[in-house]
Structures are given as structure tokens and as C-alpha cells.
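Each chain, letter by letter, is given below.
Number of protein chains: 2
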Amino acid sequence: MEFKRLSHEVFYTGRVFDLIVERIEYPSGAQAVREIARHPGGAATVPVTDDGHVLLVRQMRFPLGRYITEIPAGKLSPGEDPALAAARELAEETGYDARRLEKLATIYTSPGFCDEQLHLYLGRGLVERPEGPRREEGEQSMTLESVPLAEALHNALSGTYQDAKTILGLLLAERLLSGGSL
Amino acid sequence: MEFKRLSHEVFYTGRVFDLIVERIEYPSGAQAVREIARHPGGAATVPVTDDGHVLLVRQMRFPLGRYITEIPAGKLSPGEDPALAAARELAEETGYDARRLEKLATIYTSPGFCDEQLHLYLGRGLVERPEGPRREEGEQSMTLESVPLAEALHNALSGTYQDAKTILGLLLAERLLSGGSL
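Going down the list, the protein sequences come from chains A and B.
Going by this note's numbering, the residue at position 112 of the first sequence is 112; the numbering climbs one at a time, nothing skipped.
Going by this note's numbering, the residue at position 30 of the second sequence is 30; the numbering climbs one at a time, nothing skipped.
Looking at chain A on its own, in the form it has when it is part of the complex (with noise of 0.2 angstroms):
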């Protein structure tokens, strides 16, 4: 370890994220402040329906001050299987369930501040739920999109889509359900 820890504090804590300083270091005797923003996990799901349609969930981002598209995704409740929270998050935003669940990936998505880790699923055999999604309030801007797979593709690839995980799910969806192993 080419540095030491002189102090950690919690700064903050959040709904989403806390934030974290530490001060630390070198080995040549400077000192330097780090933040970090300290997040539990969440889980994503890129639901392919049996005819080949992709469910996408549109949503105002607070961070953003707009609306974008994204995988149905969520964060993980303290122990909860990333599974379960993916498959709880589908139900939640989508209204759907999957049969089957399949790993796709797991991502840190920004590791030079943040330890946030993000678990990627295909999921497949895709069932209505009859009560419809259950959206929590901060939710009641999302709506639902079905855009065929070749179309979500597309979409990922020329700039319409452009949040990372939703950009990479596709792409190895695609990779998957081509045949192709991961």
C-alpha cells in the first residue's frame, strides 16, 4: 500500500449514497483529502420478452434535470441477493416477472470516487404481474417501453441510449442470445 490512512469520516448520510472523506498520506510526507461516495450495490435487468422486445422504463433523473431510458434497475437492500433485488426491481418498475434470470455482468461503475457495484441480468420468459407495477412515489414520472431488441440495439449503439449499464446490458444480451457465450 503505497499510502496511509490518517483519518476517515462519515460526512454525510444519504438516501442514496453517504459521503465519505478520508484524509491521507503519501510516502513522500503529503497529505491530500479524498471523497467517496459510499453506495450499497444495485441490480439491473435487460427483460427480453419470447418475440424479441426489450422492456425499457423512462424517468426523470434528478442529477440530470431530465427524462432518459434506462434497464429496469434498483439498489440493494443491506443482504439482499442481487438476484432477488434485479427480479424485485423488474416487478416494481416493469410490472413483469422472469422465469429465468442470467448473469450477465458485474460492474463498478464509477471506481475512481465511488465503490458502487452493479450486478447485470438477462432475464427471460417474461410474465405480466395482473396488479401491473408497483412504483414508488419519486417513480410516478416512469413509463414503459417495449422496443424490439434489433431496434434497442441500435438505439444503444448511435447515442440515443446513454446510460452506461443500460448500453452494456444490450450489448451482451445480444452476445447471448446470438449464441455466442460471455
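Derived by calculation from the structure, the hints in this document are not laboratory data.
Mixed in with the good hints, there may be bad ones.
Within a straight-line C-alpha distance of at most 27 angstroms, the following computed DSS-like cross-link-like pairs (lysine-lysine) qualify [claimed, not checked]:
#1 K75/A / K4/B
#2 K4/A / K4/B
#3 K75/B / K75/A
#4 K75/A / K103/A
Take the given structure of chain A and dock chain B to it, following the hints.
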């Protein structure tokens, strides 16, 4: 817009990101607090040598407490052109200049809580700088890895690489290099 912003506070001003705390009100009258990590954005390059190797950097990432392998990347300076930032970070971290940068994608890394936008490029026509890398004090742990493109792709798909921009960048670079358009 389905909410009213009641307050907006810069809670912490950091080296990499600021913490913004907002209080909002939904149409129901319910109030909520939202924290946002405000990030200047970044740029990253998939550098591919004339003989088909990818240049990657391995470094300690404080938020994870461990070393991971990534494509060269860094934050935008205020007002900086993303392509120039990508070229600057490539030179600083690897000691190579790219004669050609081609845009791969512009992505939001984690739009649920952070406004970070990341610009991804493919770098070709790599030329080593006589003076080598110029790494900052916090980057002294960084080492350069030169990996055949097919092996890097395997590492991206098998879970060996876990950084989102690295996996996505390699998949997009492969598409472009194999003659497909994006």
C-alpha cells in the same frame, strides 16, 4: 415536471465531486431529500497499438480498497474539450500519444445519483513519448499493461475486468475495429 425543488444546498465541495442536497415536494405534498454527486465529467480512451495490443493501467482505487485494471481515463478540466482531455490522460498515464481518436460513446455512469458524463474514444496510431508517463502523486501505484485485444475482450467478458467503462469501451472498440459501424 412532477416535483417542486424547495431548496438546493452545496453540502460539500470536493476534489473529485461536490455533494448537493436538495429538498423536493411531490404533487401529493410529500417532501423528500435527494443527494446528488456533482461531477465535472470525464474522458477515457481504448488505446490500440498497430500490432493489436490494448494499453491498460492497473491502479489502487481508494473507494474499492484494491487494485483494478482500467482503460486510461480522467476528469475534464473546466471548459476542456473531451477529446483533448482523453488525449491528455492517455499521455499522462501511459506515456503514449494517439494520432487518431474516434468517438465510441458518451455515457452517464450512474444517473440515479450522479451527473457524471463520460466520453469514450478509440485511440489508434500510438506513438511512445520519449519522456514516458507523467503521473500525479496519487497515481504512483499505477502500472501499464499491454494486452492482446482478443485477450482483453475475453477478460472483459469473463469478469476479470470489472470496470464498466473498460468493458464497454473494449466491446465498442471491437465492433469498430472488426469493420462494423457503431
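State the violated hints by number, sorted upward, taking the hints as numbered earlier in the document.
-> Hint 2 contradicted; others consistent.
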